[in-house]
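Q: As a plain string of letters, each chain reads:
2 protein chains.
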Amino acid sequence: MKQMEEKILAEGKVLPGGILKVGSFLNQRIDTVFLKDMAREIAALFVDSGVNKVLTVESSGIAIAAAVGMEMGVPMVFAKKHKSSNVDGTVYSAPVHSFTHNSDYNMVVSTDYLCRDDRVLLVDDFLANGQALHGLIALAEQAGATVVGASAAIEKGFQGGGDSIRAMGIRVESLAIIESMDDTGITFRR
Amino acid sequence: MKQMEEKILAEGKVLPGGILKVGSFLNQRIDTVFLKDMAREIAALFVDSGVNKVLTVESSGIAIAAAVGMEMGVPMVFAKKHKSSNVDGTVYSAPVHSFTHNSDYNMVVSTDYLCRDDRVLLVDDFLANGQALHGLIALAEQAGATVVGASAAIEKGFQGGGDSIRAMGIRVESLAIIESMDDTGITFRR
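Chains as they are written, first to last, in the numbering used here: chain A, 1 to 190; chain B, 191 to 380.
Chain A with its partners taken away, still in its complex shape (with noise of 0.2 Å):
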């Protein structure tokens, strides 16, 4: 997607460490305009791919995960992240590493709301090591859904967890891909 390089050029601040900060239109101040011009985007990639739910995890997913559900017509569900694993039964639940925060959590999404029926769409607002995204494969596993594919706004290229997914033979769009980056520039994959 064109414009989201555009805006990764103009907005975009890469950090030491390999951050790269969009905080004033992907999260935390999100662009509302642009929002919607990315919901539409993916939605019309999986236009054909039967998708009856989208899955994301809290926090930072939510926003491009609900306005993905909106374009599509379909029901969004949030993972939640907790301290504890919840084993009673009523839950889904997949430990995750964030190497973001170096710190470990469990992804937990009630029983009530995925089922064998579903045909998922992964969204979320980052790719890079892939950890949330495979958190939420494995939860889609644990109820017996379908993952059709998944869709993240900015994927980091040079970190595999994308790759990584494509190689499970899931399909991967992003809709930008950052093959490297540092304070002299970013590229994209082409």
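If you're looking for bench data, these hints aren't it; they were derived computationally from the structure.
Positions of the beta carbon are idealized from the N, C-alpha and C atoms, including for glycine.
Each statement offered as a hint is correct.
Below, computed lysine-lysine pairings styled on DSSO-like, alpha-carbon distance capped at 27 Å:
no.	chain 1	residue 1	chain 2	residue 2
1	A	Lys81	B	Lys270
2	B	Lys271	A	Lys36
3	A	Lys21	B	Lys270
4	B	Lys211	B	Lys270
5	A	Lys81	B	Lys271
6	A	Lys21	A	Lys36
7	A	Lys81	B	Lys226
8	A	Lys13	B	Lys271
9	B	Lys271	A	Lys80
10	B	Lys211	A	Lys81
11	A	Lys36	B	Lys270
12	B	Lys192	B	Lys203
13	A	Lys81	A	Lys21
14	A	Lys80	B	Lys226
15	A	Lys13	B	Lys273
For the chain A half of the interface with chain B, some residues (derived, Cβ under 8 Å), not all of them:
no.	residue
16	Val33
17	Lys36
18	Pro75
19	Tyr113
Assemble chain B onto chain A, guided by the hints.
A: Same frame as chain A, but now just chain B:
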């Protein structure tokens, strides 16, 4: 909003301890068709207020705030919840007590994303004791912004938070106000 009252009666579950569970359409699982209806209603209520920013707090407020922002064509900003306060001057910060989780946190937003010229509409999924909205009002005050109003999808009128904010002279519009509820039924404010 008649539709909201019907939705609560049809899908809401009253749990012990004054908890109303609406995870099937408002949080965890979000009915995105209904989300757009809610957003349209809130946008219409404040259409003449000169709103130029929607403000909420992570994470369950994000979906409805993003939808309202999209409907009004203005940016949405969400405050983050931190365990520690940050006093380095790059954020606005307010201490908040959560009765739901019986814990304290700091509500934090970057000084980049709230400013003196802002005319802010506060949006959240639930309004109960009003602690979250009071925190957001404190953040807006620190920025010198104007709070033009607040809107919640569901207000628990019997917990008093909404009325405490109305008493400050702030316009509060909730899509449904629950006057009382127990396992025998739910009564709405007229």
